[in-house]
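Just need the whole structure built from these sequences, with the hints factored in.
2 protein chains.
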Amino acid sequence: MHPFPTLIVDLDIVRTNIERMTAKAEKADVEFRPHFKTHQSRKIGRMFKDYGVKAITVSSPIMAEYFVEDGWNDITIAFPANVLASSYYHRLASRCNLKTLVISSEIVKKLDKLITEKMGLYIEIDPDYGRSGIPVSQTEKIAEVLNEIEESDHFYPAGFYCHAGHTYKTRSEEEIKELSLKALKKLTALKKKWPDLPLCFGDTPSCSVLDEFVPADQISPGNFVFYDWMQVQIGSCTPNEIAVYMECPVVEKFEDRKQVLVHGGAVHFSKESIQVNDYLSYGEPRLKHLSKATYMKSLSQEHGIVQCSKEVFEQIKVGESLQVFPIHSCLTADLMGQYHTTNGKVLDHLSGT
Amino acid sequence: MHPFPTLIVDLDIVRTNIERMTAKAEKADVEFRPHFKTHQSRKIGRMFKDYGVKAITVSSPIMAEYFVEDGWNDITIAFPANVLASSYYHRLASRCNLKTLVISSEIVKKLDKLITEKMGLYIEIDPDYGRSGIPVSQTEKIAEVLNEIEESDHFYPAGFYCHAGHTYKTRSEEEIKELSLKALKKLTALKKKWPDLPLCFGDTPSCSVLDEFVPADQISPGNFVFYDWMQVQIGSCTPNEIAVYMECPVVEKFEDRKQVLVHGGAVHFSKESIQVNDYLSYGEPRLKHLSKATYMKSLSQEHGIVQCSKEVFEQIKVGESLQVFPIHSCLTADLMGQYHTTNGKVLDHLSGT
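Chains C and Z are the protein sequences, given in the same order. Oh and the first sequence: position 277 is 277 in my numbering, straight run, nothing missing. Oh and the second sequence: position 144 is 144 in my numbering, straight run, nothing missing.
Hints listed in this document are in silico derivations from the structure and should not be mistaken for laboratory results.
Identical copies carry no separate label here, and so any pair may be met within one copy or between two of them.
Okay, derived cross-link-like pairs now, DSS-like style, lysine-lysine, Cα gap no bigger than 30 Å in a straight line:
#: 1; residue 1: 253; residue 2: 191
#: 2; residue 1: 169; residue 2: 292
#: 3; residue 1: 310; residue 2: 110
#: 4; residue 1: 141; residue 2: 317
#: 5; residue 1: 297; residue 2: 109
#: 6; residue 1: 177; residue 2: 24
#: 7; residue 1: 288; residue 2: 110
#: 8; residue 1: 54; residue 2: 177
#: 9; residue 1: 27; residue 2: 169
#: 10; residue 1: 169; residue 2: 297
#: 11; residue 1: 253; residue 2: 113
#: 12; residue 1: 110; residue 2: 253
#: 13; residue 1: 253; residue 2: 186
#: 14; residue 1: 310; residue 2: 141
On a predicted model such as this, the values are computed, not experimentally measured, just so you know.
Printed below as a string of structure tokens:
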């Protein structure tokens, strides 16, 4: 047993998750450009090659570098271009088919003075999520940015990129479907106006429950490779489809309050939480039988307090480990910096390199 | 300007914070055993030596190893002993004067079979915080654990360790004082019963506002070295005493909603938040003049959305950086893995090594 909190990955589940999403993309006739921000692992990244994946999505120039060095040569940095990092884009664009996102013609102008390599620019479209992007209704602004891209000698329009992140607020498969179909419907006018420009869509909840993505041409989900307890709550997956869990040493038991202290805190899980029924959960013990009364109740820097049902409390033993599903696998993996497979091998993660 | 989110440390403020706490401990006649879990930096750790600090506190065996290798030889791991990590305690105890916490005689018995080096054990006392430790009223249980320690050939009683973590729920200096004095008062009976055993007390809020710590003999605050926006809200410090801030590239501005997109997300700040008046803040822009309407409204993996007052929005420029105080400096530093000083030097952090 591991002496410290350890992130375990079940590669069989990873493979099944990749296989299912690849098959779905193929059937729906959309290009699959998976987001690698969840696993951030070269070894896990290579598993996608077995399924014909050639183009990937990342969330930062550093992450793009990590995968360029592993032979990937069609990479989209799905984050609005940061002019302070222009030298990174320039260098990356000389090494691969690089694309990133833009929202304003001002940025395109600024980048055009700083980058002389050929590079694709997606215009980010906001489907009422409200985080980033041009609202889908602002056709004039979209045309203005597109025009600016076309005037550049170095840039070409890569298409439209649209992340419907508000699906994370749903709590059932039906709700996800309703919300994502509404977002896709809004994009129809855009696609009609610019039929030749690829439209990339894709958050894990939408891509998990939809079978058709019209009018989108590409999908780029990321979290689906592992899933997590948040995705179970949203309605994207079942607990059996979660590919990662933490193994936390059981340090003490508190009989009177039916709580267990594990080594596993905010520096391991992250401080992400989700409301589950009437409690706020920071992690969900991976038990043979689901127990509504058992959940990670609080996290300090290194402490995790697990509230237990009477039965679960009696089964847990000091000196053993408790397996816990993370609420948000992307953040937990980023903190842990490496994976241990169920066969005891160690896999890389960018943050641990 | 840094192209990516960067953690800046102002060493003048660090020095002032250390100096103030050292002077306070001296005046109050308590031993100062600072917690190093906040900075986790050898270089920052060495600054404490200038103020006569000889004994330190950490939160894990790995952190203890990091500081043993930098010459510290009196180290308390302020986390209940994890029997799965017994080989680490054993090895550490052969290299320094090691202490850790215990809560039950069962654990003392188990450890005694696994560790043959001399080692101190603090009995952790819970001052109604409810996370870990023996409730202060359970004198019999305390005596039982103490007895088990005294029967061991390898262990000796290091004293009582008491973390009043519920001070983090207060919202003014007066509230902190009331709560921490109440906790200290509860410890009086313990001290009377075992006058020869040192009593270690200390969370940053209590140590920041109290001047006397009777009946405690030692204090071990950690966060005070940097402080953060949570400590400002709790009532422990002023914004001028915060020694760290993030520099985040300003990527885009959204005029209609007076929001700014910065590169700086949950993998940089952590997902810690705090309720400030009527909003939930994930970070507080470091501005010349405080603006109640300006705060970090949401964080995704790499995105930070800053809600701005009209005036602040106009001052912020794309292609520049925005300085942001973290909500919880311990977690932000752990994620960032290194510090940049205001003079451009880079300082180590355990997680980046």
